[in-house]
Amino acid sequence: MEEITRKKMLVLALFAGEIMLKNGGETYRVEDTITRLCKSRGFKYVESIVTPTGIYISVDHPDEAGKEGPMHSFIKRIKNRQINLEKVAKVNDFSRRFVQEGLTLQEGMKNLKEIEKSPPPFTKYQVAFFGGVTSSFFILLLGANFLEFLSAFAATIFVTYTITILAEKDFASFTIHLVGGALAAALAILLGQLHPEISINRVIIGEIMVMVPGVAVTNGVRDSIAGDLISGMARAGEALIVAIAIAFGVGFVLNLWTFFGGGL
Amino acid sequence: MSVALKFVYAYIATIGFAVLFQVPKKTLLRSGFAGALGWSVFNIINQEFNSVVVATFLAAMVLAMIGERFARTEKQPFTVFIIPGIVPLVPGVALYNTMIAILEENYSLAAEVGSEAILIALAISGGLTIVLSVNAYLRKKRMALAERRAIKIQEKRNKMDKGRDLDPEEQQKEIEKTKLEEYYKEQFYDEGGEAQKEEAPKKEEEK
Chain A
915 MEEITRKKML VLALFAGEIM LKNGGETYRV EDTITRLCKS RGFKYVESIV TPTGIYISVD
975 HPDEAGKEGP MHSFIKRIKN RQINLEKVAK VNDFSRRFVQ EGLTLQEGMK NLKEIEKSPP
1035 PFTKYQVAFF GGVTSSFFIL LLGANFLEFL SAFAATIFVT YTITILAEKD FASFTIHLVG
1095 GALAAALAIL LGQLHPEISI NRVIIGEIMV MVPGVAVTNG VRDSIAGDLI SGMARAGEAL
1155 IVAIAIAFGV GFVLNLWTFF GGGL
Chain B
74 MSVALKFVYA YIATIGFAVL FQVPKKTLLR SGFAGALGWS VFNIINQEFN SVVVATFLAA
134 MVLAMIGERF ARTEKQPFTV FIIPGIVPLV PGVALYNTMI AILEENYSLA AEVGSEAILI
194 ALAISGGLTI VLSVNAYLRK KRMALAERRA IKIQEKRNKM DKGRDLDPEE QQKEIEKTKL
254 EEYYKEQFYD EGGEAQKEEA PKKEEEK
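Those protein sequence lines, which keep their order, are chains A and B. To get this note's numbering, take the position in the first sequence, counting from 1, and add 914. To get this note's numbering, take the position in the second sequence, counting from 1, and add 73.
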């Protein structure tokens, strides 16, 4: 393999890993994908370490004459992460095709760029609407009445839309969830004044369900099982920070409310 | 509220979570089914034995099992099915109650509810861990089988055209390639089961 091809191949593997990691893929899946992509194109020695904040790859490959080639390392820092499981699935599918069907590097890169640019399967309005659906049906499971069902539906649409917009503007995760929690509590208090049958607590629980760090929790567990202790702990920390941020936002507003004489 | 009604509610709620996490559109219904099944298990066990932690543990196990199953039949990453289903089990209510107790400066209640939240979180991890590690072991075993199969295929190929004289290094390369092919078959095409495993080498021979 020529020097330039080798470099291109590495960049492709790195890019595939980056898309997966940025969109909520598990660490072990990213490592596995990178290793398989590289090995399929003849790299003899591939080693990759992936943490939620960065990807490190190192490869070595003797050239055609059997001479030892230079060793390459690539590092990619991952700054902002979002959740788009469709992209993870697409890259997963791509890696299978790339290995089995022997796509060329150019085709592969083109495919990856298409995946990166592809819009999420649901627009932010749809996401907001389904946020409402989810929280309202969730509190129905907890035994809510019809009025609470309606208020959770309406309030969560606002909350979900706000956190989606904030996430788009690249705010820190702590800020997003703090604002989300505060907004959730404020809306619930407001709706609670409309009718005595609406319990503020239940509406808040419904609203904050859409912010619960489910991906971080699940991936943290999976990473820890696979032996990626750094990633596992990092994700657990992420989940903890999000939980604290939500509690802080909700608690602040509720405290203000009781301070000014309102009851829960 | 009847179990069936709760199943429907959980189904809809899980689909909502799936949309929040932007899962592929074609897997929405399956994600919803996994979540609803997990919640139903949680609900029934919780009612029968009156223990949230045990119920969560069993629900997480069921969820992990069905998630792995769907991942193989649908050729999608496992996360797509699991994450939306896990979220309703996450101790959001317990955490919220802990926070309220802290606000009211009722620290003994906070410790009580807070430890319940931690136990629930541990139960989710425990349930997932057990199923996933058993599955990882089984997959490793299947991979070892696939490797052996790859070597056999390679040997057969060599027998078929004797004119081909590969040096050992190149042969090793081809074995690696066949191994990769077999690996992907294992990971994504498990539906055919035994029948497919029998067919695979035959196809190679025809070529």
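Just to be clear, a hint being listed does not mean it is correct.
[Stated by the list, open to error] No farther apart than 25 Å at their CA atoms in a straight line, the calculated lysine-lysine pairs in the PhoX-like style are these:
#1 A:K1027 - B:K98
#2 B:K99 - A:K953
#3 A:K1031 - B:K79
#4 B:K250 - A:K958
[Stated by the list, open to error] Per the computed footprint, the stretches of chain B lying under chain A, defined by three or more beta-carbons under 8 Å from a beta-carbon of chain A, are:
#5 119-132
#6 161-168
#7 172-179
#8 198-204
Rather than coming from a laboratory, the hints here were simulated on the basis of the structure. All of these numbers come straight from a predicted model, not from anything done at the bench. Note that the Cβ used here is the ideal one computed from N, Cα and C, for glycine as well.
These are the hints, each one checked on the structure:
| no. | hint | result |
| --- | --- | --- |
| 1 | A:K1027 - B:K98 | holds (21 Å) |
| 2 | B:K99 - A:K953 | violated (31 Å) |
| 3 | A:K1031 - B:K79 | violated (39 Å) |
| 4 | B:K250 - A:K958 | holds (13 Å) |
| 5 | 119-132 | violated (count 0) |
| 6 | 161-168 | holds (count 5) |
| 7 | 172-179 | holds (count 4) |
| 8 | 198-204 | holds (count 3) |
When held up to the earlier numbered hints, the structure conflicts with 2, 3, 5 and fits the remainder.
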